[in-house]
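Student: Respectively, the protein sequence lines represent chains A and B. What the first sequence shows, in our numbering, is residues 4 to 118, in sequence order. What the second sequence shows, in our numbering, is residues 601 to 714, in sequence order.
Because the hints were derived from the structure by calculation, they are not lab data. One thing to keep in mind: the hints can contain errors.
Once the Cα atoms are required to be at most 27 Å apart in a straight line, the calculated DSSO-like pairs of lysine-lysine come out as [said to hold, decoys possible]:
1. Lys58/A x Lys81/A
2. Lys683/B x Lys73/A
3. Lys58/A x Lys73/A
4. Lys657/B x Lys642/B
5. Lys683/B x Lys657/B
6. Lys76/A x Lys58/A
7. Lys642/B x Lys76/A
8. Lys678/B x Lys642/B
9. Lys657/B x Lys678/B
10. Lys642/B x Lys683/B
11. Lys642/B x Lys81/A
12. Lys683/B x Lys76/A
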Amino acid sequence: AQTVTQSQPEMSVQEAETVTLSCTYDTSESNYYLFWYKQPPSRQMILVIRQEAYKQQNATENRFSVNFQKAAKSFSLKISDSQLGDTAMYFCAFRDTGTASKLTFGTGTRLQVTL
Amino acid sequence: EPEVTQTPSHQVTQMGQEVILRCVPISNHLYFYWYRQILGQKVEFLVSFYNNEISEKSEIFDDQFSVERPDGSNFTLKIRSTKLEDSAMYFCASAGTFSYNEQFFGPGTRLTVL
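Bound-form chain A, shown alone (with noise of 0.2 Å):
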């Protein structure tokens, strides 16, 4: 059964600054899809960004990139010029190919973006 495990309960940043969110996973699969997922207080899970294992080029969206190292299962995100707005619940997952297949999550690492 795949894992993923996010070591970083909560963080903090300052408005402006850069910050990266850690996770790592367990899987015996080859390709696979990593997500990161923000959950702000309303609670509603909104996409931030997805990776395929097998693209070896790191996913960006705007301020939001990732690292990901198939090797080491790791998959962090950073958050470049960190908005009040970030502040939430971030959660990564993990899903196989499979068509129907489910979202793995993390336990979350809660962040806070400081004046």
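Use these hints to put chain B onto chain A, whose structure you have.
Tutor: Relative to chain A, chain B alone:
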């Protein structure tokens, strides 16, 4: 932009009562999911549903849970006899056959069992 909707947003019930949580997935999606999140914990998979049958279910999804797609638009989760530990946020998600089968989440239903 299409979105997944869920009703009610908050449901309060007495222990032992039956509850039905409702979801309207995105209209052309074929895969449907329920997840739950106990307060302060991670999001956990409950069940996936495709072609009018369960594709996969977790250990949490025991005999007191059931899912149904009663018509072409709704997707429901029924808890037959609620327990205190069923108190959680329940998220519905749906996915199409493109775009990495990305799962789109609804806003959730907060279930409180007293």
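Student: Hints first: check each against the structure and report whether it holds.
Tutor: Hint check:
The hinted pair formed by Lys58/A and Lys81/A meets the criterion: a straight-line CA distance of about 18 Å does not exceed 27 Å. For the hint pairing Lys683/B with Lys73/A, the CA-to-CA distance comes to about 41 Å; that exceeds 27 Å, so the pair is violated. For the suggested pair Lys58/A and Lys73/A, the alpha carbons sit about 10 Å apart, so the restraint of at most 27 Å is met. At roughly 17 Å between alpha-carbon atoms, Lys657/B and Lys642/B fall within 27 Å of each other, so this suggested pair holds.
Distance hint between Lys683/B and Lys657/B is fulfilled; the C-alpha atoms sit about 19 Å from each other, no more than 27 Å. Distance hint between Lys76/A and Lys58/A is fulfilled; the C-alpha atoms sit about 14 Å from each other, no more than 27 Å. Using a Cα cut-off of 27 Å, the hinted pair Lys642/B and Lys76/A holds, with the two alpha carbons roughly 20 Å apart. Annotation: proposed proximity of Lys678/B to Lys642/B holds, straight-line Cα distance about 21 Å (limit 27 Å).
For the hint pairing Lys657/B with Lys678/B, the CA-to-CA distance comes to about 14 Å; that is within 27 Å, so the pair holds. Distance hint between Lys642/B and Lys683/B is fulfilled; the C-alpha atoms sit about 19 Å from each other, no more than 27 Å. Proximity of Lys642/B to Lys81/A is assessed by CA-CA distance (about 21 Å); at most 27 Å being required, the pair is judged to hold. Restraint check: the Cα-Cα separation between Lys683/B and Lys76/A comes to about 38 Å, which exceeds 27 Å; the hinted pair is violated.
This entry does not satisfy hints 2, 12, going by the numbered hints stated previously.
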